[in-house]
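In the order they appear, the protein sequences are chains G and H. Every number in our numbering is 542 more than the matching position in the first sequence, counting from 1. Every number in our numbering is 5 more than the matching position in the second sequence, counting from 1.
Keep in mind the hints are simulated off the structure, nothing from the lab. Among these hints, one or two may not hold up.
Here are the in silico distance ranges between beta carbons for each label pair [unchecked claim]:
1. H:G146 / G:E597: 37 to 47 Å
2. H:G146 / G:M543: 35 to 45 Å
3. H:G123 / G:P678: 36 to 46 Å
4. G:G625 / H:A119: 20 to 30 Å
5. G:S793 / H:G123: 54 to 64 Å
6. H:G68 / G:E603: 52 to 62 Å
7. H:G123 / G:G792: 57 to 67 Å
8. G:T595 / H:R45: 22 to 32 Å
9. H:A119 / G:V607: 43 to 53 Å
10. G:S793 / H:S44: 29 to 39 Å
11. G:T695 / H:G123: 39 to 49 Å
12. H:G145 / G:R547: 26 to 36 Å
13. G:G962 / H:S44: 49 to 59 Å
14. H:R45 / G:A931: 40 to 50 Å
Output of the computed footprint for chain H on chain G, the stretches with three or more beta carbons under 8 Å from beta carbons of chain H [stated by the list, open to error]:
15. 577–586
16. 621–635
17. 638–650
18. 677–690
Glycine included, each C-beta is placed from N, C-alpha and C at the ideal position.
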Amino acid sequence: MTRSRATNRWAGVDAVAWGTLAVGLLAREPAVLLLAAVGVAVAAYARAGGPPTPELQLARELDDVAPEPGDEVAVRLTVHNDGEQILPDVRVVDGVPDALAVTDGSAHLGTALRPGETVVHAYAVRAERGTHAFSPVTIACRNLGGAHEVDLTETVETSIECRPSLVGGPEPPLRDVVALPGGRTPTAAGGEGLEFHGVREHRPGDSARRIDWARLARTGELATVTHREERSATVVLLVDARGEAYVRSGSAPDHGVEWGVRAAGSLFAGLLEGHHAVGLAAIGRELAWLGPGAGEAHRRRGRELLAAHPALSPAPPSTRVWASRRTAGHRTRAQLRRLGASLPTGAQVVFCTPLPDDGSAAIARRLQAGGNAVTVVCPDVTGGRSPGARLERLGRTRRIRSLHRADVPVVDWDPTEPLGVALERAREAWR
Amino acid sequence: MSLGAAALAGLTAVGGFGWWVLLSPAGVGLLGVGLHHGSRRLLSAGAAALVLASVITGLAGGGPARLVVAVAAAAVAWDLGEHAIGLGEQLGPGAATHRLEYLHAATSVGVATAATGGSYLAFALAGGGQPVDAFVLLLGGAMALLVALRWY
Numbered sequence: 543m544t545r546s547r548a549t550n551r552w553a554g555v556d557a558v559a560w561g562t563l564a565v566g567l568l569a570r571e572p573a574v575l576l577l578a579a580v581g582v583a584v585a586a587y588a589r590a591g592g593p594p595t596p597e598l599q600l601a602r603e604l605d606d607v608a609p610e611p612g613d614e615v616a617v618r619l620t621v622h623n624d625g626e627q628i629l630p631d632v633r634v635v636d637g638v639p640d641a642l643a644v645t646d647g648s649a650h651l652g653t654a655l656r657p658g659e660t661v662v663h664a665y666a667v668r669a670e671r672g673t674h675a676f677s678p679v680t681i682a683c684r685n686l687g688g689a690h691e692v693d694l695t696e697t698v699e700t701s702i703e704c705r706p707s708l709v710g711g712p713e714p715p716l717r718d719v720v721a722l723p724g725g726r727t728p729t730a731a732g733g734e735g736l737e738f739h740g741v742r743e744h745r746p747g748d749s750a751r752r753i754d755w756a757r758l759a760r761t762g763e764l765a766t767v768t769h770r771e772e773r774s775a776t777v778v779l780l781v782d783a784r785g786e787a788y789v790r791s792g793s794a795p796d797h798g799v800e801w802g803v804r805a806a807g808s809l810f811a812g813l814l815e816g817h818h819a820v821g822l823a824a825i826g827r828e829l830a831w832l833g834p835g836a837g838e839a840h841r842r843r844g845r846e847l848l849a850a851h852p853a854l855s856p857a858p859p860s861t862r863v864w865a866s867r868r869t870a871g872h873r874t875r876a877q878l879r880r881l882g883a884s885l886p887t888g889a890q891v892v893f894c895t896p897l898p899d900d901g902s903a904a905i906a907r908r909l910q911a912g913g914n915a916v917t918v919v920c921p922d923v924t925g926g927r928s929p930g931a932r933l934e935r936l937g938r939t940r941r942i943r944s945l946h947r948a949d950v951p952v953v954d955w956d957p958t959e960p961l962g963v964a965l966e967r968a969r970e971a972w973r
Numbered sequence: 006m007s008l009g010a011a012a013l014a015g016l017t018a019v020g021g022f023g024w025w026v027l028l029s030p031a032g033v034g035l036l037g038v039g040l041h042h043g044s045r046r047l048l049s050a051g052a053a054a055l056v057l058a059s060v061i062t063g064l065a066g067g068g069p070a071r072l073v074v075a076v077a078a079a080a081v082a083w084d085l086g087e088h089a090i091g092l093g094e095q096l097g098p099g100a101a102t103h104r105l106e107y108l109h110a111a112t113s114v115g116v117a118t119a120a121t122g123g124s125y126l127a128f129a130l131a132g133g134g135q136p137v138d139a140f141v142l143l144l145g146g147a148m149a150l151l152v153a154l155r156w157y
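Sequences are here, hints too, so could you generate the full structure?
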């Protein structure tokens, strides 16, 4: 779409030229007439040339079309003058997708192009989870005097697909459950397994491999070393994607839902590798649900859900003026009911939430009361020294304590360190 | 923006000392403030003040060569300043516009120099020093032509 307009930049130059000429005539002063001549020359320059007819060819190149969330992607925009006119004034605004922030350089360019000349402009954007398509490029071309401008838009189809890759994650400290044998959850019950549990008196029939030889050598007694029983668990990772969870500390690039998704992704991968049955869910603008399963196809489905489900969109839900908190509360309760109905009996829930409000703690308690053991993974997105930030920190600590009182273990995770470190620390604390 | 300021500096050196001495520095000041705040109105006011100062100096009998340069420099300063303000509005402060600005500055200065030289040459050829009717007619005719061209 091309549009030509007059910029009216030189409005008033004529008046100045006429005025000076008149003054010079009236005063019969040759110097002033000379000044009027300069004015006339400027007025002539203002009229020189008509609107340009730009023929431009654009191309865009990304150095990584499938980056990880948070990566910097270099973008190279190429502008080529296809026509035979010199374009002395070309202004280009690249259509960076709304969700992506420009981190290096600027997406705006001002340049001049001779016929057949090409200019390459480079800048970088930060990738966010999801699929982002570039908008059309806006271009404005002016003639030499700047009196005429031609605006046009060009569409260059490019898109960035950013899916978190779920490989190699830590396992959360799972609570004691009895489920299908074959997986590797350490339970409190002692029996067959790999991890050391305790020593008991030797009974006839105990495997000779498990005799505690050190004790035999020392005291002459036969004793059997028991290990923790390893069982497979059913876990559902629930991400808090309500509007309230889209909080971030100050100007940090990631908000609570983004950290929740990363935690869920890591745990999903880790639990799959531990041969557990894992599922994914999210409450928020929609209920997202992937029932517990295992295997490569299941991993792909989980990855797809975390990357592209609308409930987990990186942008917070638009707050409609007429939507009251009560309506949101209704929706959350309805989603929890459906979630409760879908959860298999005995399934554990790992709730990934920044605990932004009392509602999140209530959700955790409610799920636990419904018969599913709940663990909360809470990324700390409070930061800053303002009174508001301090209030948020206090609220979060209060909620964590209230959950402890309700027998819901909470993993307090500082996002600057890897999740595995926080989990290991929590595991130690609960031993 | 820096280019507009450079033209400004060139102007201060030439701004005449007529009776309304204060008009010239005031014009420079207005230009500077207009550039800083991105206000076209202030910018134009500054340029107009400088032109007016030159005219008044001319009426008081100042040397024509110096005054011509003053007016040309005022025009260049205004042009570069308005261009910079426009770029700031359309592209924002962080944009990469070096190529464009340098070309524009070079063009403006080139045109201004040519205009100054051409005018002075015409003036000298017309018997410089006396208000010559031919010169006046030439100017008047040129202006009329330009005005007519506006409606082509």
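Now the hints, each set against the structure:
no.	hint	in the structure
1	H:G146 / G:E597: 37 to 47 Å	holds (38 Å)
2	H:G146 / G:M543: 35 to 45 Å	holds (42 Å)
3	H:G123 / G:P678: 36 to 46 Å	holds (44 Å)
4	G:G625 / H:A119: 20 to 30 Å	holds (27 Å)
5	G:S793 / H:G123: 54 to 64 Å	holds (56 Å)
6	H:G68 / G:E603: 52 to 62 Å	holds (58 Å)
7	H:G123 / G:G792: 57 to 67 Å	holds (60 Å)
8	G:T595 / H:R45: 22 to 32 Å	holds (28 Å)
9	H:A119 / G:V607: 43 to 53 Å	holds (51 Å)
10	G:S793 / H:S44: 29 to 39 Å	holds (30 Å)
11	G:T695 / H:G123: 39 to 49 Å	holds (41 Å)
12	H:G145 / G:R547: 26 to 36 Å	holds (32 Å)
13	G:G962 / H:S44: 49 to 59 Å	holds (57 Å)
14	H:R45 / G:A931: 40 to 50 Å	holds (42 Å)
15	577–586	holds (count 10)
16	621–635	holds (count 5)
17	638–650	holds (count 3)
18	677–690	holds (count 3)
Going down the numbered hints, you'll see the structure goes against none, and every one checks out.
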